[in-house]
Amino acid sequence: MSRPVITLTSDFGQGVFVGVMKGVILNICPQARLIDLTHDLPAQAVRAGALTLLQAAPFFPQGTVHLAVVDPGVGTSRRAICMHSRGSCFVGPDNGLFSLIMQQDPDAAAYEIINPDFRLEPVSSTFHGRDVFAPAAAHLAAGARPGMLGPALPDPIMLTWPRPKVANDELCGQVLLADRFGNLACNIIQKELRVFLQDRPARVRLGDLVIKGISRTYGQAAPGEPVALVNSWGRLELALNQGNLCAHLGINPQNAYGMGIKIGLIR
Amino acid sequence: MSRPVITLTSDFGQGVFVGVMKGVILNICPQARLIDLTHDLPAQAVRAGALTLLQAAPFFPQGTVHLAVVDPGVGTSRRAICMHSRGSCFVGPDNGLFSLIMQQDPDAAAYEIINPDFRLEPVSSTFHGRDVFAPAAAHLAAGARPGMLGPALPDPIMLTWPRPKVANDELCGQVLLADRFGNLACNIIQKELRVFLQDRPARVRLGDLVIKGISRTYGQAAPGEPVALVNSWGRLELALNQGNLCAHLGINPQNAYGMGIKIGLIR
Amino acid sequence: MSRPVITLTSDFGQGVFVGVMKGVILNICPQARLIDLTHDLPAQAVRAGALTLLQAAPFFPQGTVHLAVVDPGVGTSRRAICMHSRGSCFVGPDNGLFSLIMQQDPDAAAYEIINPDFRLEPVSSTFHGRDVFAPAAAHLAAGARPGMLGPALPDPIMLTWPRPKVANDELCGQVLLADRFGNLACNIIQKELRVFLQDRPARVRLGDLVIKGISRTYGQAAPGEPVALVNSWGRLELALNQGNLCAHLGINPQNAYGMGIKIGLIR
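Quick mapping for you: the protein sequence lines, in order, are chains V, Y and G. Numbering of the first sequence is given in numbering that gives the first Met the number 0, commencing with residue 0 and proceeding in unit increments. Numbering of the second sequence is given in numbering that gives the first Met the number 0, commencing with residue 0 and proceeding in unit increments. Numbering of the third sequence is given in numbering that gives the first Met the number 0, commencing with residue 0 and proceeding in unit increments.
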């Protein structure tokens, strides 16, 4: 039988917080495999965390426990959630982190983590990653069922996202995320793009920048030139071939969603 | 039987040094579990490393080997140390990195690492993490006893820290560390705070900034407002709710201790 | 029998890309041990990646699979390569990443990765790390032979490097890499240095900076003073004892090679 996998996602950066959560897990479930998804989410960026998990979780084996901590409300009355979907579990604060995955699975089930047997006592008021979420994830990996952590949670917090809109023959979207290469991914997905374009030629607009055509690869643009393509997660993305579009446009990649940057697809 | 755990802590950042130490370990102890504590310590910051280990090590299973390399004296006459405390081992340069843990354990024992059988030959003069400490840690994880590495070390280097002092009804402390959220932790611990306040109301002072009361959570302050609380390691901490106090005050988080920032607790 | 080791090297930084590759690997080879070498290579810096692998790979157990993705040509006609050398495998884009290792092993063999059974379908045009290289590495770790991935690749891309030259009693080299401490390593290796100096005293020159003598350790210089030594990879390196030479000289460490910085060794 293969060993249980726990992924870890947070905005904790490179400090010691993540290592300590791993120590807590190994005390409870010594056989767990620990895989970092990312700890470089912008501080307290629940939306960036939710999008990251939506894109990454499907690439992990069924049975994986996904532990995620982006938790601006730690110590307040916000609840702790265990969400079960398609054979995998998601553990973290109930602030919408897992809501994009829940929206795609009508059979998903949520539980509130309240059972004191699955916590580290005393629970601090500022580091539930260590005291609540890591122990819960470790117990799940060691064989506990989600329902053992607490009662069903009927009303988990759900995030809503801006939807692309059609106006004047333009599909108007919005930037969701920037990656470390300075590429900008938006809320227009491949299917919407196809339905809108119907094989017609396209231009993509971001402020004064206009890009002709949807390329298949970054390399179809000359080095340093902008390019639009459908990225590896199925989203419309803008990039600079062998360059950094964020730096080129003066956009802070840590806050790309919060800036409300419009992307227009013109047919 | 569960597999031996080795944690790794350093100021090596995200480069290849840590990966190479892991390769060396796997050659000697293929079954070791390798857990990164942090490699983002400020360069050559022995004190920050010592505090990090003091706070994090207790969360790991007994029997863990903690390998730590913050080593400004590499290649000089500074000694290599293996320190044994409460069933766990600590391996690194003898510069005080493990001295805070030693001070808390009267039964701790230290050994000088000199046995050439537990090194990678030839030993370089600049990367003992690879050539001395990683092999020693791997042999310990594979079953070697600390005394096999070399003779007892009767006088390991010990760090001293500034202690909080009472003056004019104020408990005067000092900032020890900043975390990635820009929160500032100081040398006043929960017990000292309680003894000083005796349930009286408190104010916390950092330069011109004065915070009323000790909160239980960050969220008790309005977003963007400063807050003082006892953090998850039991230390008095100053923060900005949903903000970055270091950025707000123009403090470089990489050097928070070195700046000698005073924290005053007023009753 | 010990579990197969896969190392991961990339310019992906701290985002989610690396975690997703690990998920893909665990689906194919659940028993693989996953070790990060570094993901902090400068974006699209194939040369820095090649040098990193040359230095680090020898420290890993025979049989290790080294997965490396620095891939400015992703989605273009650039080929995917599996290179076998001294019992270990190297998987990534065919752009020279493994060519420094190949040059040192006359028995090295290269294969083009084209077998669709060892890919994740559909293959995206922008993330072959996930869709091509991670699956190939996982299958190799699970027991596939390199030749099963595709036919022999007779003409892999090879990198060439500037060689040190002697002129006017000076050995003229060039900076190859900067590390996180701001130390500068150059293309002059220990053997060349010995042959050139023949035990005579030396000076090392970088622009206006002149350093007398080759030290054995950083600590032989006073704190804050420059020092030249042979580093732990056998290369001539310039550093500032307990300081940062890059910062001191205004050199961007992310681009140290690209700046063509000359190092002169004068006897």
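Treat the hints with care, as some may be off.
[As the list claims (entries may be wrong)] Derived SDA-like pairs (lysine to any residue); straight-line CA-CA distance at most 20 angstroms:
hint : chain 1 : residue 1 : chain 2 : residue 2
1    : G       : Lys190    : Y       : Ser124
2    : Y       : Lys190    : V       : Ser124
3    : G       : Lys190    : Y       : Val122
4    : V       : Lys190    : V       : Pro57
5    : V       : Lys211    : G       : Leu208
6    : G       : Lys261    : G       : Pro222
7    : Y       : Lys211    : V       : Ser124
[Unchecked claim] Ranges between beta-carbon positions, derived for each pair:
hint : chain 1 : residue 1 : chain 2 : residue 2 : range
8    : V       : Gly86     : G       : Asp104    : 38 to 48 angstroms
9    : V       : Asp116    : G       : Asp104    : 52 to 62 angstroms
10   : Y       : Ser1      : V       : Gly62     : 12 to 22 angstroms
11   : Y       : Ser1      : V       : Met147    : 31 to 41 angstroms
12   : G       : Pro57     : V       : Ala141    : 33 to 43 angstroms
13   : Y       : Pro29     : V       : Met147    : 30 to 40 angstroms
14   : Y       : Gln197    : G       : Arg215    : 18 to 28 angstroms
15   : Y       : Lys190    : V       : Asp116    : 43 to 53 angstroms
16   : G       : Asp104    : Y       : Ile188    : 53 to 63 angstroms
17   : G       : Ala166    : V       : Ala221    : 31 to 41 angstroms
18   : G       : Met157    : V       : Arg2      : 53 to 63 angstroms
19   : V       : Arg215    : G       : Lys190    : 39 to 49 angstroms
20   : Y       : Asp154    : G       : Arg215    : 48 to 58 angstroms
21   : G       : Met157    : Y       : Ile188    : 56 to 66 angstroms
[Said to hold, decoys possible] Chain V residues, not near chain G, derived (Cβ > 10 angstroms throughout):
hint : residue
22   : Arg32
23   : Pro153
24   : Leu175
25   : Arg179
Think of the hints as simulated: they come from the structure by calculation, not from any bench. Here the structure is a predicted model, which is why all the values come from computation and not from measurement. Glycine included, C-beta positions come from ideal geometry on N, C-alpha and C.
To see whether the hints hold, each was checked on the structure:
1. The suggested pairing of lysine 190 (chain G) with serine 124 (chain Y) holds, with an alpha-carbon distance near 17 angstroms, which does not exceed 20 angstroms.
2. Of the pairs offered as hints, the one joining lysine 190 (chain Y) and serine 124 (chain V) holds, with about 17 angstroms between alpha carbons and a cut-off of 20 angstroms not exceeded.
3. The suggested pairing of lysine 190 (chain G) with valine 122 (chain Y) holds, with an alpha-carbon distance near 17 angstroms, which does not exceed 20 angstroms.
4. About 19 angstroms separates the Cα atoms of lysine 190 (chain V) and proline 57 (chain V), which keeps this hinted pair within 20 angstroms; it holds.
5. Taking the CA atoms of lysine 211 (chain V) and leucine 208 (chain G), the gap is near 50 angstroms; set against the 20 angstroms cutoff, the hint is violated.
6. The suggested pairing of lysine 261 (chain G) with proline 222 (chain G) is violated, with an alpha-carbon distance near 24 angstroms, which exceeds 20 angstroms.
7. Pair hint lysine 211 (chain Y) plus serine 124 (chain V) holds up; C-alpha atoms about 19 angstroms apart against a cutoff of 20 angstroms.
8. Between glycine 86 (chain V) and aspartate 104 (chain G) the beta carbons are some 44 angstroms apart, a value that agrees with the proposed interval 38 to 48 angstroms.
9. Look at aspartate 116 (chain V) against aspartate 104 (chain G): about 56 angstroms separates their beta carbons, and that is inside 52 to 62 angstroms.
10. Between serine 1 (chain Y) and glycine 62 (chain V) the beta carbon distance is about 20 angstroms. The supplied range of 12 to 22 angstroms therefore holds.
11. At roughly 23 angstroms, the beta-carbon separation of serine 1 (chain Y) and methionine 147 (chain V) lies outside the given 31 to 41 angstroms, and the hint is violated.
12. A beta carbon spacing of about 38 angstroms between proline 57 (chain G) and alanine 141 (chain V) agrees with the range 33 to 43 angstroms that was offered as a hint.
13. Under the hint 30 to 40 angstroms, the C-beta atoms of proline 29 (chain Y) and methionine 147 (chain V), about 35 angstroms apart, fit the expected range.
14. At roughly 58 angstroms, the beta carbons of glutamine 197 (chain Y) and arginine 215 (chain G) sit outside the given window of 18 to 28 angstroms.
15. Here the CB-CB span from lysine 190 (chain Y) to aspartate 116 (chain V) is close to 28 angstroms, at odds with the stated 43 to 53 angstroms.
16. At about 57 angstroms, the CB distance of aspartate 104 (chain G) to isoleucine 188 (chain Y) agrees with the hint of 53 to 63 angstroms.
17. Judged by the Cβ atoms, the range 31 to 41 angstroms given for alanine 166 (chain G) and alanine 221 (chain V) holds: they are separated by roughly 38 angstroms.
18. For methionine 157 (chain G) and arginine 2 (chain V), the hinted distance range of 53 to 63 angstroms is not satisfied, since their beta carbons lie about 40 angstroms from each other.
19. Distance hint check: the CB atoms of arginine 215 (chain V) and lysine 190 (chain G) are about 47 angstroms apart, consistent with the given range 39 to 49 angstroms.
20. Distance hint check: the CB atoms of aspartate 154 (chain Y) and arginine 215 (chain G) are about 26 angstroms apart, inconsistent with the given range 48 to 58 angstroms.
21. Take methionine 157 (chain G) and isoleucine 188 (chain Y): their Cβ atoms lie about 59 angstroms apart, and the range 56 to 66 angstroms holds.
22. Under the 10 angstroms C-beta cut-off, the non-interface status given to arginine 32 (chain V) relative to chain G is violated; the minimum distance is some 7 angstroms.
23. For proline 153 (chain V), the shortest C-beta to C-beta distance to chain G comes to about 30 angstroms, beyond the 10 angstroms cut-off, and the non-interface label holds.
24. Against the 10 angstroms criterion, leucine 175 (chain V) stays outside the reach of chain G, whose nearest CB is about 13 angstroms from its own CB.
25. In this structure arginine 179 (chain V) is not separated from chain G by more than 10 angstroms, as the shortest Cβ-Cβ distance comes to only about 4 angstroms.
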